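Please build the complete structure, drawing on both the sequences and the hints.
Here are the chains, one letter per residue:
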Amino acid sequence: MGELRLMKGNEVLAEAVIRCGCDGYFGYPITPQSEIMEKLMERQPWTETGMVVLQAESEVAAINMVYGAAGTGKKVMTSSSSPGVSLMAEGISYIAGAELPCLIVNVQRGGPGLGTIQPSQADYFQSVKGGGHGDYKMLVLAPSSVQEMNDFVDLAFELAFKYRNPAMILTDGAIGQMMEKVELSDYKKRWTEEEVVEKNGSWATTGKPASRQRNVITSLELDSDKMEQNNLRFQAKYRRMEAEEQRYEAIQCDDAEYIFVAYGTSARVCQKAMEIARDKGLKVGLLRPITLFPFPKNIVKELAPKVKGFLSVEMNAGQMVEDIKQAVYETQIYRKVEFFGRMGGIIPSPGEVVDALEQKLIGEEK
Amino acid sequence: MMDIKEIVKPENLVYGKSELLIDTIMHYCPGCTHGVVHKLMAELIDEMGLQEKSVGVAPVGCAVFAYNYIDIDWQEAAHGRAPAIATGISRLNPEKFVFTYQGDGDLASIGAGEIIHACNRGENILVVFINNGIYGMTGGQMAPTTLEDMVTSTTPCGRDVDLNGYPLKMTELVAQLPGTSYVTRQSAQTAPAVRKCKRALKKGIRNVLDRKGTSFVEVVSTCNSGWKMSPAKANKWMEENMFPYYPLGDLKDGEKGNPVSNN
Amino acid sequence: MAKVRGAVVVDTEVCKGCELCVESCPEGVLALHLEVNSRGYHYSYMKNPEACIGCANCGVVCPDTCITVYRVKL
Ligand SMILES: Cc1ncc(C[n+]2csc(CCOP(=O)(O)OP(=O)(O)O)c2C)c(N)n1
Numbered sequence: 001m002g003e004l005r006l007m008k009g010n011e012v013l014a015e016a017v018i019r020c021g022c023d024g025y026f027g028y029p030i031t032p033q034s035e036i037m038e039k040l041m042e043r044q045p046w047t048e049t050g051m052v053v054l055q056a057e058s059e060v061a062a063i064n065m066v067y068g069a070a071g072t073g074k075k076v077m078t079s080s081s082s083p084g085v086s087l088m089a090e091g092i093s094y095i096a097g098a099e100l101p102c103l104i105v106n107v108q109r110g111g112p113g114l115g116t117i118q119p120s121q122a123d124y125f126q127s128v129k130g131g132g133h134g135d136y137k138m139l140v141l142a143p144s145s146v147q148e149m150n151d152f153v154d155l156a157f158e159l160a161f162k163y164r165n166p167a168m169i170l171t172d173g174a175i176g177q178m179m180e181k182v183e184l185s186d187y188k189k190r191w192t193e194e195e196v197v198e199k200n201g202s203w204a205t206t207g208k209p210a211s212r213q214r215n216v217i218t219s220l221e222l223d224s225d226k227m228e229q230n231n232l233r234f235q236a237k238y239r240r241m242e243a244e245e246q247r248y249e250a251i252q253c254d255d256a257e258y259i260f261v262a263y264g265t266s267a268r269v270c271q272k273a274m275e276i277a278r279d280k281g282l283k284v285g286l287l288r289p290i291t292l293f294p295f296p297k298n299i300v301k302e303l304a305p306k307v308k309g310f311l312s313v314e315m316n317a318g319q320m321v322e323d324i325k326q327a328v329y330e331t332q333i334y335r336k337v338e339f340f341g342r343m344g345g346i347i348p349s350p351g352e353v354v355d356a357l358e359q360k361l362i363g364e365e366k
Numbered sequence: 001m002m003d004i005k006e007i008v009k010p011e012n013l014v015y016g017k018s019e020l021l022i023d024t025i026m027h028y029c030p031g032c033t034h035g036v037v038h039k040l041m042a043e044l045i046d047e048m049g050l051q052e053k054s055v056g057v058a059p060v061g062c063a064v065f066a067y068n069y070i071d072i073d074w075q076e077a078a079h080g081r082a083p084a085i086a087t088g089i090s091r092l093n094p095e096k097f098v099f100t101y102q103g104d105g106d107l108a109s110i111g112a113g114e115i116i117h118a119c120n121r122g123e124n125i126l127v128v129f130i131n132n133g134i135y136g137m138t139g140g141q142m143a144p145t146t147l148e149d150m151v152t153s154t155t156p157c158g159r160d161v162d163l164n165g166y167p168l169k170m171t172e173l174v175a176q177l178p179g180t181s182y183v184t185r186q187s188a189q190t191a192p193a194v195r196k197c198k199r200a201l202k203k204g205i206r207n208v209l210d211r212k213g214t215s216f217v218e219v220v221s222t223c224n225s226g227w228k229m230s231p232a233k234a235n236k237w238m239e240e241n242m243f244p245y246y247p248l249g250d251l252k253d254g255e256k257g258n259p260v261s262n263n
Numbered sequence: 001m002a003k004v005r006g007a008v009v010v011d012t013e014v015c016k017g018c019e020l021c022v023e024s025c026p027e028g029v030l031a032l033h034l035e036v037n038s039r040g041y042h043y044s045y046m047k048n049p050e051a052c053i054g055c056a057n058c059g060v061v062c063p064d065t066c067i068t069v070y071r072v073k074l
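Protein chains in written order, with UniProt numbering: chain P, 1 to 366; chain Z, 1 to 263; chain H, 1 to 74.
Stretches of chain H that chain Z covers, calculated by requiring three or more beta carbons in the stretch to come under 8 Å of a beta carbon on chain Z:
hint: 1; stretch: 5 to 11
hint: 2; stretch: 14 to 28
hint: 3; stretch: 47 to 57
Worth flagging that the hints you see were computed from the coordinates, not collected in a lab.
As the structure is a computational prediction, the values presented were derived from the model and not from experiment.
Glycine is no exception: its CB is placed at the ideal position from the N, C-alpha and C atoms.
See below:
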């Protein structure tokens, strides 16, 4: 049993980062995630594990520091919130194009523009469809509890290095700010310089010894034939992620006629909504995607024949619902896929969700 | 009369290609200063035995392919962001010799923020700044460093300071920052200038190894194709027009922590 | 009278005929050849080999590092 604490989501994430043997953090303050860097600075991991923490002059600089640091083959990360992540888009595209592992945390707030500092899930498209320029994907994990803010840090790094690809923890201000009981992970040692060379020396800028060719980290390839080969390699990698990494939690889906699909904060709301609906005698289950890319479409396809419809519940204008529709479409069976959401930083209430279920899915049947 | 064959013998070699310069034809236009400065960096890394310690950061600009020419580990940056990338590399690997190699569009325009802050933090890196007064790679547009009245493809009637502002002296700016220890402006158009430039770069490298903060070496350069001149004429034009505005010499040579020149 | 003799070897395929070596030579040794290399550049060569003092200025200024310089003391 690990150490039990009552902590804020953002602070837990910072703690988990130190404990997982992360080598470097670069960030820029933005609400509602500033506690991550504040906590790191307070903890001074450089005195303990040797981890570097640096406040950059902007998100543009922060992501490029991550790009440089990731190129050295070490475990590095940044965190930000929606407007800051938009600024990072170019850098993330370079990181994906140069096939480097790193962790990016987006504690979402409502947009567009400066929007609101209240929680939101409006960056789903930006996170799972690319966000920056060019055909690339990030691995995207969506924690729905403070515990998962702890657990997904290590998982994100593991996946990032497995695929040499940026991984994102996509959460929101509610989970970042929420206090819950958490079991912290045990400390893992940072990789030694020798371990870095051993694990990643074939591609990282560890310094060119006589024994190997020079390593060049770049996303540039002016020869179109070669660039297309690169693109095909990336796509093959993304397909492999889709085949191997779909993660989800299915709650009471076995006998369900209707399925709520929701992640993060809205999944917490749906958990309650499901209980209310069940009390009313409605057979409702909850499918909670844990990976947003790869989207857990296999389970949607598996459930589709058994249920009457899906309700995607999101804190945005309806984004993930498109991925659910796509999955259902691939089954060649017609099932209703509806959406309910709130925007502007408003978290839907469980009652609203049940109402939406009755109106949008059940009502039509009557 | 002595036969050439008598002279051309390994024991008589006085100048040759550094082993760290990769055997390939550079993509630069004939007479481009980039080639000379690449060569100096390769020679220095070679002579100082730093191949295994070095990580170069290539910019967006004509020097984007610097990584094809010097046999060390490299990372290619996003436009202007090389100092941030170098920060990331160097912070995690303080024992490495990390340098950025940037043009004036890259460093003085889109990357003005990153360079100022890297220098201000005193990142332990060498910045090699190629100031050719123009955007070479994209076809000779105005750079922040373009001289007043200088014709470029986006200032066809010459740079109008009322419209475009004034030529930006990055090196003077950077010299004001306490994070820099060595700030100098060099050129590479004649053999003595190249030799002097090499000494400056060497000092910059030494400073990084001695962890003295940021060293910044501007090389006032030509872009003869962008300027639409022959290489020799471009050199002359540079001496007559660039040097008065961008005077050569050390602006700062001392210790990190001092805001202004103390040489 | 110079007590040294030098010689310059130009990798003519790499040379781009920028002429900077010609400009840099204090003894007027180098010139661009009338012929071109396979990439169409008039390459540099020793027009007056006897005058070379092996100062290496040509090599130092060459952006394409295609010049190797040798010197002997007489
Ligand atoms: C974000 C971004 N904006 C614009 C460009 C296009 N671009 C490529 S190189 C360049 C200018 C480079 O000029 P400079 O830094 O002076 O280097 P030089 O080519 O003269 O060596 C520009 C604007 C780009 N690649 N990326």
